[in-house]
Amino acid sequence: MRRSDREVTSREWIGVVLKEAEWLTIGVCGENRTPALAPVPFVYAADRFLVCVIGEDSIYDMLKANPKVCFQAVSRAEVIRHDSLPSKFSMRYKSVTGFGQAQILRDTQQAEEARRMVLERFAPAAAKRETLSADRTENVIKVEIEEVFGKSNGYQPEK
Amino acid sequence: MEEVLKEAEWLELGLAGKDGCPYVLPMNYGYESGFLYVHGAREGKKVDMLRENPKVCFQVVLGAEIQRDENDPSEFNMKYRSVTGFGEAEILEDIEEKRKALHILMHHYNGPTEPMPDAMLNGTLVVKISISEMTGKVNGYPKPE
Chain W
71 MRRSDREVTS REWIGVVLKE AEWLTIGVCG ENRTPALAPV PFVYAADRFL
121 VCVIGEDSIY DMLKANPKVC FQAVSRAEVI RHDSLPSKFS MRYKSVTGFG
171 QAQILRDTQQ AEEARRMVLE RFAPAAAKRE TLSADRTENV IKVEIEEVFG
221 KSNGYQPEK
Chain R
22 MEEVLKEAEW LELGLAGKDG CPYVLPMNYG YESGFLYVHG AREGKKVDML
72 RENPKVCFQV VLGAEIQRDE NDPSEFNMKY RSVTGFGEAE ILEDIEEKRK
122 ALHILMHHYN GPTEPMPDAM LNGTLVVKIS ISEMTGKVNG YPKPE
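Residue numbers (our numbering), protein chains in the order written: chain W, 71 to 229; chain R, 22 to 166.
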C-alpha cells in the first residue's frame, strides 16, 4: 500500500470492522474486463471467510464465469472539512479491503450452513428452525479471503 | 439519480485488472452533467490499473441498513438508495482542466475552491469519468416520482 501510514495489519482490528459492518461492496470482473459492483449483506466467519448474499443475478452470473472478487467494507466515514484550504479536505474512515475466490454454494450442504449463518446474523428467530427452505437467501456465496488489509484515517493510530 | 449523486459523500470505484481481478476503492468525487471527477495520488495501483484498462464501475449508496421484519422472522431486507453506473476514465493532464475538475469536486462538498496552486495541481492525479450508463435503485425508501 502506498500510504503505509494509513495501513492497519492487525487481524483483530480487521475482524472488528468486518463484524461492525452489516454490508459491504463486492467487486467482480465481467466479460471484456468490465468491472461491476453491488452492496451485499454478509457474515464474516472463522477469521478467514465471508458468506455474502448476492441479490443481483447479473453479479451472480459473472461470479460463475470468474470467481475472483474484491470486497470493501467502510465504517464511520465522514468528511473532514476546512474553511479556507481545499488541500485540507479529507475523509475520516475505517475500511477493510480484501481479495478472494467466490464459491457458489447453491444446492449443497454448505449452502444450508451458509444460509443458517446469514439468518443467525440478520433473522435469528428463523435460524432456530430445524430445516430451512431454499428461500430468498439461496444466492449465497462463500469467499475464502486470500489477502486483506485495513485502512484508517482520522482515528487513533492502530497497527 | 442526480439527487443521490449530489447527496452522497463518497463513491466506490470498481476497476478490473489484467488478470481479471477486480479492485474496489472509496473515493471523494464531484459530479456535473454526466461526468464524475475523482482525484488521488499520481502513483500507485489505482492509476496503474486505470492506465491499463479505463473501464470503471461506480456505486453510490445512501442510507443503507439491514431491516428486520418483526412479523416474519425469516425476512430481512436491505434498505438503501443507490446509483450504480459504468463509464470510461480519462486521466487529465491539462492544468486548467484539472483545476476545473477540482472546483467541481470542492463544490460537491460546499468547500473552498481556492487556493489551488499549480504545484498542487501538477502533483495531483485528476480523473474524469464519462458515464455511459447508470441505474438508480430504491429499496425501503419512498420512490421518487
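Don't read these hints as lab results, they were simulated from the structure. Accuracy of the hints is not assured; some may be wrong.
[As the list claims (entries may be wrong)] Ranges of calculated distance between the beta carbons of each label pair, as one might list FRET restraints: (1) W:E101 - R:D139: 25 to 33 Å; (2) R:P136 - W:E101: 42 to 50 Å; (3) W:A116 - R:D40: 21 to 29 Å; (4) R:T134 - W:Y225: 36 to 44 Å.
We put the beta carbon where it would ideally sit given N, CA and C, even for glycine.
Hint by hint, here is what the structure shows:
| no. | hint | result |
| --- | --- | --- |
| 1 | W:E101 - R:D139: 25 to 33 Å | 42 Å, violated |
| 2 | R:P136 - W:E101: 42 to 50 Å | 45 Å, holds |
| 3 | W:A116 - R:D40: 21 to 29 Å | 27 Å, holds |
| 4 | R:T134 - W:Y225: 36 to 44 Å | 28 Å, violated |
Of the numbered hints given earlier, the model fails hints 1, 4; all others are met.
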